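Participant: Place chain B on chain A using the hints.
For reference, the chains in residue letters:
There are 2 protein chains.
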Amino acid sequence: MTLTLYTAPGTCALASHIALEEAGAEYELKQLDFSKTEQLSAEYLSINPKARVPTLITPRGILTETPAILAFIAQAFPSADLAAQNDPFAFAEVQDFNSYLCSTVHVAHAHRRRGHRWADDPVAIEAMKKKVPESVGACFDLIESEMLQGPWVMGDSYTVADPYLFTVAQWLEGDGVDLDRIPHVFDHRNRMSKRPAVQKALNALRKPAVA
Amino acid sequence: MTLTLYTAPGTCALASHIALEEAGAEYELKQLDFSKTEQLSAEYLSINPKARVPTLITPRGILTETPAILAFIAQAFPSADLAAQNDPFAFAEVQDFNSYLCSTVHVAHAHRRRGHRWADDPVAIEAMKKKVPESVGACFDLIESEMLQGPWVMGDSYTVADPYLFTVAQWLEGDGVDLDRIPHVFDHRNRMSKRPAVQKALNALRKPAVA
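Those sequence lines, one after another, are chains A and B. Counting along the first sequence from 1, when you hit position 50 you're at 50 in the working numbering, and nothing is skipped either side. Counting along the second sequence from 1, when you hit position 88 you're at 88 in the working numbering, and nothing is skipped either side.
By construction, these hints were calculated from the structure, which means they are not laboratory data. Every value quoted in this text rests on a predicted model; they were computed, and no experiment measured them. Please note: incorrect hints may appear among the correct ones.
Copies of the same chain look alike in the list, so a pair counts if it fits in one copy or across any two.
Derived lysine to any residue pairs resembling SDA-like cross-links, with alpha carbons at most 20 Å apart [to be verified]:
| id | residue 1 | residue 2 |
| --- | --- | --- |
| 1 | K50 | K131 |
| 2 | K129 | R113 |
| 3 | K50 | E144 |
| 4 | K131 | R112 |
| 5 | K129 | R191 |
| 6 | K200 | A25 |
| 7 | K129 | R114 |
| 8 | K131 | Q170 |
| 9 | K129 | A80 |
| 10 | K131 | A110 |
| 11 | K50 | E146 |
| 12 | K50 | D141 |
| 13 | K50 | M154 |
Isolated chain A (complex conformation) (with noise of 0.2 Å):
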């Protein structure tokens, strides 16, 4: 099976690059240059008019959301196991965990830099950029005292919500949550950190212009 994503550094689709590794799949990786907005292109619109990152490109379409990215690369390749695919609760018990990341963390996250999806008031935006500490500081509050299980998201069966947990984790700092008090999301980031999958994915992206 070809498979092509599409990537930018910094970006959520670090996640579907990692499960792809993880997965063992054959895969094709293009970057976005989103400080030269390669993603408004009237080339990549016609791929994902969504303008964003991440695109799966598959011999049968395309899929654009994160969730839906790291289902598929779940069931398609099943030796990997990575979603608990023959078991309907256990697997929808990831996508609840990854529901959670892009409905709710990723979207308070993204109330720092992209504001201006929202309102077109400078004041309101510097408004949601104060309260993102705040807001995802109470979204990892939660994921640190109810969801993360242990050693990985889902216990000890590592899945997809693993690297979408780091990836969303890599933000953290930038975001003003302090560390200290999620201590098993911290310690969760540090063991993904070391994976091979993780490294490779890391290693295979251009650095960003601005860090």
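Facilitator: Positioned in the frame of chain A, the structure of chain B alone reads:
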């Protein structure tokens, strides 16, 4: 299988409610009164610390995110054929659509009445409200032009993407989106409203105190 769905009128929990009906599931329905902040009761927080709906209680555990609950219902009731569960790519396409609804469309909508999640300044909260017709409208333009295949979201197959789109489309008038510009979404909403499962779900809900 004993299932319990927590819902509240006017919320996205309607999607899970309709899906349970479509699947022919036996379930108990519990309605929270948000005007009495019942979602913040100690009893409810012990079930769902996110203090939101939906919550689906299953014999194996609890799910609290719409895309996960919809995936679970589709996979736990395979005879209803609600998400192409034997085809990883087709299944992922359903997740792709549902992820967009939860992470982008619902989030854009939420800035109308839940702006306090992302800013404290009343000026910012007003600025967020003001942009909702534009941001939700842009989401539905994309659904209309690129995503809704017709007659159902995924084409000829009715899936759990359909009750979710119907649910989010309930909010269009309140969000100030002109329905004339999205005729396929409007037609989909009309056809959905005639399905017995949808009528049964809507009739089961208490009328909200504030429309």
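Participant: Hint by hint, note whether the structure agrees.
Facilitator: Structure-based check of all given hints:
{"no.": "1", "hint": "K50 x K131", "in the structure": "between (26 Å within a copy, 18 Å between copies)"}
{"no.": "2", "hint": "K129 x R113", "in the structure": "both (7 Å within a copy, 19 Å between copies)"}
{"no.": "3", "hint": "K50 x E144", "in the structure": "between (32 Å within a copy, 13 Å between copies)"}
{"no.": "4", "hint": "K131 x R112", "in the structure": "both (8 Å within a copy, 17 Å between copies)"}
{"no.": "5", "hint": "K129 x R191", "in the structure": "neither (30 Å within a copy, 42 Å between copies)"}
{"no.": "6", "hint": "K200 x A25", "in the structure": "within (13 Å within a copy, 45 Å between copies)"}
{"no.": "7", "hint": "K129 x R114", "in the structure": "both (9 Å within a copy, 16 Å between copies)"}
{"no.": "8", "hint": "K131 x Q170", "in the structure": "within (18 Å within a copy, 30 Å between copies)"}
{"no.": "9", "hint": "K129 x A80", "in the structure": "neither (39 Å within a copy, 45 Å between copies)"}
{"no.": "10", "hint": "K131 x A110", "in the structure": "both (11 Å within a copy, 16 Å between copies)"}
{"no.": "11", "hint": "K50 x E146", "in the structure": "between (33 Å within a copy, 10 Å between copies)"}
{"no.": "12", "hint": "K50 x D141", "in the structure": "between (31 Å within a copy, 11 Å between copies)"}
{"no.": "13", "hint": "K50 x M154", "in the structure": "between (31 Å within a copy, 18 Å between copies)"}
Against the hints set out earlier in the document, violations occur for numbers 5 and 9.
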